[in-house]
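A.B. asks: Residues per chain, in single letters:
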Amino acid sequence: MSEREIRLQDDIDRDVLIGAGDIATDEMYINMGPQHPSTHGVLRVLLRTDGEIVTEAHPHIGYLHRCAEKIGECLDYVKFQPYTDRMDYLAAMNNNLGYAMVVESLAGLEIPERATLLRIIIVELNRIASHLIAFGTYGLDSGAMTPFFHAWREREEMLTLFEKICGARLTYNYVCIGGVVNDAPEGWKDKVLDFLDRFEKRWTEYNNLLSYNRIFIRRSANIGVITPEECYDYGLTGPMLRGSGISWDLRRDRPYLGYDRFDFDVPVGQGEMGTLGDCWDRYWVRMVEMKESAKIVRQAFDLLETAEGSHKAKVPKVFKPKVGEAYVGIENPRGELGFYVLSDGSKNAYRLRVRGPSFCNLSILEKLLPGTMIADAVMVIGSTDIVLGEVDR
Amino acid sequence: MVETFKDFGFAVQTAVKGMVITLKTFFDKPVTLQYPDQRPEIDERFRGIHYLEQEKCISCKVCALACPVDCIHIESELPEKGLYDWARFDIDYGLCMFCELCCFPCPTDCIHMGKEFDFSRYSRMDLVRNMLTWEGISSAQKKEVDAIAAEKAAKKAAAADKKKAEGGDKKEG
Amino acid sequence: MFEQSTVIRAIHSTFEWLLGLVGVDIEIIPESIRVVLYGLVAAGGLMSGIALSVMLYVWMERRIAGRIQARCGPNRVGPFGLLQTLADTFKLLRKEDIIPTGANKFLFAFAPMIVLAGVVAAFAAVPFSYDTETGEGIMVADIDLGIFLITSIIATEVIGVIMAGWASNNKWSLYGAMREAAQVVSYEIPLGLSVLVPVMIVGSLSLADATADQLGGNWLLWRSPFMPVVFFIFYVAGLAGCKRAPFDLPEAESELVAGFHTEYSGLRFSFFFMEEYASMTLISAIGAIFFFGGGDLFGLQGDSAILMFLILIVKILISISVMIWIRWTLPRLRVDQVMTLGYKVLTPLAFFMLLGATIWDLTDANERILGFLRRP
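Protein chains in written order, with the numbering used here: chain A, 52 to 444; chain B, 15 to 187; chain C, 2 to 377.
In case anyone wonders, no lab produced these hints; they're calculated from the structure.
Don't be surprised by glycine CBs; every beta carbon is placed ideally from N, CA and C.
One should not assume that every hint holds.
What the hints assert, rightly or not - Below, simulated DSS-like cross-link-like pairs (lysine-lysine); rule was C-alpha separation at most 25 Å, straight line:
{"hint": "1", "chain 1": "A", "residue 1": "215", "chain 2": "B", "residue 2": "156"}
{"hint": "2", "chain 1": "A", "residue 1": "368", "chain 2": "A", "residue 2": "242"}
{"hint": "3", "chain 1": "B", "residue 1": "129", "chain 2": "A", "residue 2": "240"}
{"hint": "4", "chain 1": "A", "residue 1": "252", "chain 2": "B", "residue 2": "43"}
{"hint": "5", "chain 1": "B", "residue 1": "43", "chain 2": "A", "residue 2": "368"}
{"hint": "6", "chain 1": "A", "residue 1": "363", "chain 2": "A", "residue 2": "215"}
{"hint": "7", "chain 1": "A", "residue 1": "215", "chain 2": "A", "residue 2": "240"}
{"hint": "8", "chain 1": "A", "residue 1": "398", "chain 2": "B", "residue 2": "75"}
{"hint": "9", "chain 1": "A", "residue 1": "242", "chain 2": "A", "residue 2": "215"}
{"hint": "10", "chain 1": "C", "residue 1": "345", "chain 2": "B", "residue 2": "31"}
{"hint": "11", "chain 1": "B", "residue 1": "20", "chain 2": "C", "residue 2": "345"}
{"hint": "12", "chain 1": "A", "residue 1": "215", "chain 2": "B", "residue 2": "43"}
{"hint": "13", "chain 1": "B", "residue 1": "75", "chain 2": "A", "residue 2": "368"}
{"hint": "14", "chain 1": "B", "residue 1": "31", "chain 2": "A", "residue 2": "342"}
{"hint": "15", "chain 1": "A", "residue 1": "252", "chain 2": "B", "residue 2": "31"}
{"hint": "16", "chain 1": "A", "residue 1": "418", "chain 2": "C", "residue 2": "172"}
{"hint": "17", "chain 1": "A", "residue 1": "398", "chain 2": "A", "residue 2": "368"}
To be verified - Cβ-Cβ distance ranges computed for the label pairs, FRET-style:
{"hint": "18", "chain 1": "B", "residue 1": "75", "chain 2": "A", "residue 2": "211", "range": "32 to 42 Å"}
{"hint": "19", "chain 1": "A", "residue 1": "125", "chain 2": "B", "residue 2": "173", "range": "32 to 42 Å"}
{"hint": "20", "chain 1": "B", "residue 1": "123", "chain 2": "C", "residue 2": "79", "range": "19 to 29 Å"}
{"hint": "21", "chain 1": "A", "residue 1": "417", "chain 2": "B", "residue 2": "121", "range": "28 to 38 Å"}
{"hint": "22", "chain 1": "B", "residue 1": "37", "chain 2": "A", "residue 2": "286", "range": "41 to 51 Å"}
Given only the sequences and the hints, what does the whole structure look like? Please build it.
C.D. replies: Written out as structure tokens, the structure is:
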């Protein structure tokens, strides 16, 4: 029996299809994307299909390439900051933070406590906002349009909160080298906490609407199963890794910004609805992470009450870190976002390299898609939760 | 068979659960803002189109230097200390990415992010916006300049008169 | 045969009166030509009625979807945005009719018409009201084989969809067409079986007879305990038959871009659009007539044919609202799950219900139980 047939036999309801496998059919190539409703941007996947079943898949990327790394090498350190917003545009704050942290570690800057806490709050809020989109678009991929709009209803409120603290709704440029741009305005804390209360109620609603919907479970469970070994082989990080049951979170295991002060759980996939490491597990990890982020935000606000220092450290006007190199990896909503900077002592980096989590997570598609059906392929692509802005950079 | 039926039962049950939620949302008030009629409340820190306090600006071009996309173009002359002969202060909103990096280094705190946000135009050239409220030398400063010039002229004249008088004296003497 | 139907008679007398005004006797027109003429008038009436109601449905769909998603929906054109669909229709009419290179031009152009014609033709056998005096349904074609005609004539829709998918010369369209073929054909079995139960209880294939049988609140839904389940099977199979979510596989927009109508634009696209809503109406109408008493509201309507018509319309609207509500709540099933549901759940269940209802009906179980309960 071929590997494909073994895969199919796992699902009891697919016996109809195995019977159909005896009929000789022509395989055909079909282009999914770059203009396709559910490739989450401009991803192009070349599929070889045997009827409804995908036998081969080749992702093609690069349609959104904007030379972000090269721009980083040509611009001053401070000037590159807004460009990081445009990589993973759904979690721009996290990208800001990664870049700011790498430059700080290169220059040996000390960040005041208040700035650190503000960073944690904003980054965790952005994680919720980003996972909301992951939740909504996964609903879209499965054919339910309403969860997407419900998710946007809450994200819209979050964007208003972000607008209140930094003035922008998508490309924030809020976390900057040395701290954050602005201190939180008056009354912002209450608004955030108020929102979190409402959000947690909505969270239960989302689960009843989509997560526990039997049709949705049948669509996402047992699909695109990633074993822990495969996770290591492909260098997966973030919810993709945790969905396979590996408890690894940079916030907990390599604490930065003093994340070890906070009490939060790292959700991992349990294989509740099917096999460990299937699409539903990855989806569920993201859902639970939203709650955990809310927990961290609440604790950070408590600490912020007594936090000392200003929101920004003193940064020299002409910023020239000494010769050296630095790498910082942080936990982006999509996985480990790494920035590597090599300095030759001048105003701009000699080499800047970004380790995009979406890019690495995308690489497993070639392995996951063969053997699934076209509808499953859409679900698997959706469960990787890629942002093409970051894949192509 | 029993499994399939059970599954079907579950599917119906959870579908009904979901439908109750959508029904609840149906009776909720929509969150939509009817945009052109209702305007959003714009926050104090909103990063919209810049505004320039030209009387404070010292034309140091730090903002243009700080801009990552080089969208600020400043041309001015400094005929005299404290005087600015403005030729140009343009921001190209086809390029600008509203990062606010131009506002931080300003020594006199004269460039700010404003609240205006809708600025679609039919041509790219129209996206280049002239930030100047006046060109050349400001009217207030012009008066000052004229006054200084007049004073100078008067001084000169007085000096000339004096010279003349002195010369006359010499002649006489 | 058609002369006997109430609508055709009404058309005939209208023509007679009109021609009488100019002093012409209608008998000078040969009967064969008259039949065609009356048929065309009736078809035009049905077509315009469907087109108008589709406008309402699209508006309903968009408004309900909007509110379900915490949005407003269209509310700018006309009162409550009611004229939005009209505006969209004009936009569609003015759009370029694109036929892709490599498409089979004839089939591509012909397919939308087949699809729409099949559904519209089925409406001929639907009684929109009931004339209590003469005991006739007010319908275009009052034939004894009503439901049989409907189920067989809507099957032609599949041919149109396959034609559209194949002629488009687009792989996504082809997928949509194949899915449609598999899905609609397999769901016709539970649909037909579930319709068979009320047919058996009423004892007639004619929908007008079904209406007559249920007058005065004697609805088929509570004639036997199996009927609610039968209705459920009918509704689910009907949803699948109209390609509505969660069974909208042929046009699954997140998988197949737009399925079989990916390449269609303008008026031809609007035909597919109208077909979807028309078949929703058809399924709702059959459901209302076969399970919920048609134009009957516990006898409150009396003998008024107009009231009965309005009651039926309200029932259809409620059913369509539920369809819309379902569509905007549920995720889509996968193609093999749709097949599983059809063959492994609905078909055996429908058979079981048919068997159960037959036994129930043959043994007069209703009367026995009622008699037992009434016993002091």
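A.B. asks: For every hint, state whether the structure bears it out.
C.D. replies: Okay, the hints, checked on the actual structure:
Under the criterion of a C-alpha separation no larger than 25 Å, the hint pairing residue 215(A) with residue 156(B) is inconsistent with the structure, at around 41 Å. For the hint linking residue 368(A) to residue 242(A), the alpha-carbon distance of about 35 Å lies beyond 25 Å, and the restraint is violated. Of the pairs offered as hints, the one joining residue 129(B) and residue 240(A) holds, with about 23 Å between alpha carbons and a cut-off of 25 Å not exceeded. A threshold of 25 Å between alpha carbons decides the hint, and for residue 252(A) with residue 43(B) the separation of about 17 Å falls inside it, so the pair holds.
Taken as a hint, the residue 43(B) and residue 368(A) pair is broken in the structure, with Cα atoms around 50 Å apart against an allowance of 25 Å. A C-alpha spacing of about 18 Å is found between residue 363(A) and residue 215(A), which places the hinted pair at or below 25 Å, so the restraint holds. Of the pairs offered as hints, the one joining residue 215(A) and residue 240(A) holds, with about 11 Å between alpha carbons and a cut-off of 25 Å not exceeded. Proximity of residue 398(A) to residue 75(B) is assessed by CA-CA distance (about 18 Å); at most 25 Å being required, the pair is judged to hold.
Of the supplied pair hints, the one linking residue 242(A) and residue 215(A) holds, its CA atoms being roughly 10 Å apart against a limit of 25 Å. About 24 Å separates the Cα atoms of residue 345(C) and residue 31(B), which keeps this hinted pair within 25 Å; it holds. At roughly 12 Å between alpha-carbon atoms, residue 20(B) and residue 345(C) fall within 25 Å of each other, so this suggested pair holds. Between residue 215(A) and residue 43(B) the alpha-carbon distance is near 24 Å, which keeps this suggested pair within the 25 Å criterion.
At most 25 Å may separate the alpha-carbon atoms for a hinted pair to count; residue 75(B) and residue 368(A) meet this at roughly 15 Å. At most 25 Å may separate the alpha-carbon atoms for a hinted pair to count; residue 31(B) and residue 342(A) meet this at roughly 22 Å. Taking the CA atoms of residue 252(A) and residue 31(B), the gap is about 16 Å. The hint holds against a cut of 25 Å. For the hint linking residue 418(A) to residue 172(C), the alpha-carbon distance of about 24 Å falls within 25 Å, and the restraint holds.
Pair hint residue 398(A) plus residue 368(A) holds up; C-alpha atoms about 11 Å apart against a cutoff of 25 Å. The supplied range of 32 to 42 Å is met by residue 75(B) and residue 211(A), whose beta-carbon atoms lie about 35 Å from each other. At roughly 57 Å, the beta-carbon separation of residue 125(A) and residue 173(B) lies outside the given 32 to 42 Å, and the hint is violated. Take residue 123(B) and residue 79(C): their Cβ atoms lie about 52 Å apart, and the range 19 to 29 Å is violated.
Taking 28 to 38 Å as the suggested C-beta distance range, the pair residue 417(A) and residue 121(B) does not conform, at roughly 55 Å. Checked against the hint of 41 to 51 Å, the pair residue 37(B) and residue 286(A) passes, with Cβ atoms roughly 45 Å apart.
Going down the numbered hints, you'll see the structure goes against 1, 2, 5, 19, 20 and 21, while the others check out.
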